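Protein chains in written order, with the numbering used here: chain Z, 1 to 550; chain B, 551 to 840.
A couple of the hints might just be wrong.
DMTMM-like, lysine to aspartate or glutamate: derived pairs with alpha carbons at most 25 angstroms apart [said to hold, decoys possible]:
| # | chain 1 | residue 1 | chain 2 | residue 2 |
| --- | --- | --- | --- | --- |
| 1 | B | Lys584 | Z | Glu294 |
| 2 | Z | Lys408 | Z | Glu233 |
| 3 | B | Lys751 | B | Asp717 |
| 4 | B | Lys598 | Z | Glu532 |
| 5 | Z | Lys253 | B | Glu622 |
| 6 | Z | Lys529 | B | Glu794 |
| 7 | B | Lys598 | Z | Asp176 |
| 8 | B | Lys751 | Z | Asp176 |
| 9 | Z | Lys248 | B | Glu794 |
| 10 | Z | Lys253 | B | Glu794 |
| 11 | B | Lys757 | Z | Asp176 |
| 12 | B | Lys757 | Z | Asp502 |
| 13 | Z | Lys253 | Z | Glu233 |
Okay, the calculated bits of chain Z under chain B, using three or more residues with CB under 8 angstroms as the criterion [stated by the list, open to error]:
| # | region |
| --- | --- |
| 14 | 467 to 474 |
| 15 | 529 to 543 |
Don't read these hints as lab results, they were simulated from the structure.
This structure is a prediction, so every number in the text was calculated from the model and none was measured.
C-beta: ideal position from N, C-alpha, C; glycine also.
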Amino acid sequence: MDRLINGVLFENMVKGGAENLYANKGIVNDLNVFPIPDGDTGDNMYMTIDSGASAPVQDGKNSLGEVSARIAHGMLLGARGNSGVILSRIFAGIAAGLKDLEDADIKTFGEALKKGSAEAYNAVSVPVEGTILTVFRDAVSYAGGRINESTTLDGYFTDLIMELRRSLERTPDLLDVLKEAGVVDSGGAGLVYIAEGMQHALHGGEITRTDHGTSSGAKSVNVDTFTSDSVLEFGYCTEFLMRLQSSKIDIDKFDINEFTELMKSLGDSVVSFLDGTIVKVHVHTMTPGVVLNEVQKYGEFLTLKIENMMLQHNETVIENRFEFRREKVRKKFGVVTVASGKGLTEMFRSLGADEVVDGGQSMNPASGDFIDAFEKINADCILVFPNNGNVILAAMQAADMYDKSVIKVVPTKTVGEGYSALSMLDTEGKTPNEAVEEAKEYTNGVVTGFVSRAGRTTEMDGVSIVAGDYIGFSDDVVYSDSPDKCAAASVLCDRLDAGSYDVLLLLAGKDCTDEEAERLYNELNGKYKDTEIIMQNGGQPLHDFIIVLE
Amino acid sequence: MFVIFTDSDTDTTPEIAKKYGYHLISMPYSYDGKTIFPYEDFTEFQSKEFYDMLRGGVLPTTSAIGKEKYIEYFEPFFKNGDDILYVHFSEAMTMTFTNMRAAVAELSEKYPEAHFYTIDTKAITINSLVIVEEIGDMYISGKSLEEILEWAKTEVLCFSAYFFVDDLKFFKRSGRVSGFTAAMGTLIGVRPVIYINAEGKMVSIGKERGKRNALLSLLRYIEENGDNVKDHHIVIGHTDVPEEAEELASMVREKFGADTNIEIVPANPTAGSHCGPNCLGIGFHSVKRV
């Protein structure tokens, strides 16, 4: 008996796989970094396998062929997300391999799993190695190659799981995004849990299914991560089931490949397939409306889900940060920098800072704030960019107090120096000292100018300052005074000889309106033809403008 | 008789193709639900119009062409008893050549006498174009198929291209450059320089601050890695920055002599869909790629 698999056993195994995935789906969710996150892989895979495992039995149809077909059909209807859709194709392939069978021996079962792998590759428009596809293919090929007369189902699954795990460990070598994030592929990890649950079911009796609920409506989405100023960069994860309609097309002549090409012209990350007269599609698109209109020319929707991926993207980045700590994937270099203002913080994060300590001119962070930031980073060496003369000491003190990483302070005195160093720095293959030296070099010759409101009337550096006016200064020397902040900035730029620099970065402060920033940008652009002028919304307090020249 | 083919991803235009006798395979790109085949769906590439559209936020995608399309291209020549040499863009960047092989396999059953040869330029755009043009020269001068294939064995990797990118969004989305990562950061006044390695893959090899430094770095790469530069084709390609292309050309002429022959081409829209607007690069004869 331990060498034959029948319908009842297979169903139990799938249920066992679903249960085990449910128990571990948090871990799988946290691995989700690839490639543009489109939801939580653990949840998506669970909902997919669950809808297969709980597909209703149809009057005593219990043969292996019937059961596997029922499970595959259930998964088709419930498949969500890229990994979920691929998982459903794996089971569709398995069902095709087990078609019409009452039961199967290990060899036949192993062949069916290979079919599952092939079917999964077919469903993806551009298969990517280092994903669930690779992990499953490696495992069925390895376990299949080891089948002999004495192989038991349990032994087969032991081989399968061993190679699933090994292949999973290799995924970061195949996919740079994984390596950089220090994680393994999430879909592959989900498969491991499913296979382990399936093996467990071989030993036990009937699996009791707990209703965990499959509603995704409860998932909290932080809508603040897409504001009225956000730019739609990643588009919408769009998924649907569509029933072909004979009133619209000649269903017999429907070509799923042509349809897939159409989907690919409207978006990417396309996964699509045809099951009877139902078409399942997963696509990332900037224009879901166009997709829906095109699709409706072929049939009508059965289910439909559209999610803004920017929302999920931001969430996942945060989750991933926690992952670094828990998974003990130690990076060579981490980066802590200091800034205040939403725009500046975002800018530094996108330049590669792991942690941005809130602070600056108006509020100097304490050593403890730095230590809190170090604690969140798991790296051999942490580079610190204080970005303010008054903050350097606190950073150095924190460095002395911390011993879990080598802390190197790059004594950047302004946000401009910090930006300059971080945007150019490449730590790859460097020692901590080399990295610090390189970072310091990039700050050479960088000039940072500030525009702020004057607090009192006085005379400094030959400039008459009127309380309430805007003054332009750099390195503690005042260069300009004007009731108009743009004029103060413009004169400051002239005095600093802005036109002789390659790049002028203009950071608009919190109290600066779009109109003011635009006006200054246009004026500078007209004045300095040879300088590349870049405007960013820094959102910093105190300084209406920060001007970085390099 | 053998006929020569190349594809639009090598920046070969119908005009260039005609000059050397190439037959041109069109590699498509898509946006807003439309798939466009360069030089089949339009006669002249409107570079400015296309890259302005990308600047406006359109992110086109590219796709492989199907087996049937390859059969359409190749069958008339096999039928006619000709052999085919196809000088193509890097196989390491695409899935399309799987379809090509399927087409050729089908055709060789039908035309068992026909021979099909390929030269992988292990490159794209201008880096491929310099190779395509050198082979075109040999073809015109009556070199045999064997001579060309022999030449390609060593010479393909002796042409390099370096180019800089303005907006990483396009590459990040397409995933076509392996060195690019989140850690690379956003581009704020900084331009990564990209090189196509000996495997035919794009890798990022450094960053330059500001346009001026980026231009100077391209010049530095030619000086450092160039080999008999003036005796071979030199091509500057750009994604709608013609003034910068001219500027680079005069910088190169200043270095290598006023008589240096430099061709300036707009990068083809299919490759341009991956690198975005405001990119500039130069392809030339070099020491062997690594």
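Structure-based check of all given hints:
1. Lys584/B with Glu294/Z: holds, 12 angstroms
2. Lys408/Z with Glu233/Z: Judged against 25 angstroms, a Cα distance of about 35 angstroms means the pair is violated.
3. Lys751/B with Asp717/B: Holds. Lys751/B to Asp717/B sits at ~19 angstroms (cutoff 25 angstroms).
4. Lys598/B with Glu532/Z: holds, 21 angstroms
5. Lys253/Z with Glu622/B: holds, 22 angstroms
6. Lys529/Z with Glu794/B: holds, 14 angstroms
7. Lys598/B with Asp176/Z: Status violated; Cα separation ~34 angstroms.
8. Lys751/B with Asp176/Z: holds, 14 angstroms
9. Lys248/Z with Glu794/B: Violated - the C-alpha atoms of Glu794/B and Lys248/Z are around 52 angstroms apart, more than 25 angstroms.
10. Lys253/Z with Glu794/B: violated, 51 angstroms
11. Lys757/B with Asp176/Z: Since the Cα atoms of Lys757/B and Asp176/Z sit roughly 19 angstroms apart, the hinted pair holds (cutoff 25 angstroms).
12. Lys757/B with Asp502/Z: With a Cα-Cα distance of about 14 angstroms, the restraint between Lys757/B and Asp502/Z holds, given a limit of 25 angstroms.
13. Lys253/Z with Glu233/Z: Measuring from Cα to Cα gives roughly 36 angstroms; hence the hint is violated.
14. 467 to 474: violated (count 0)
15. 529 to 543: Satisfied; 4 residues make the cut.
Going down the numbered hints, you'll see the structure goes against 2, 7, 9, 10, 13 and 14, while the others check out.
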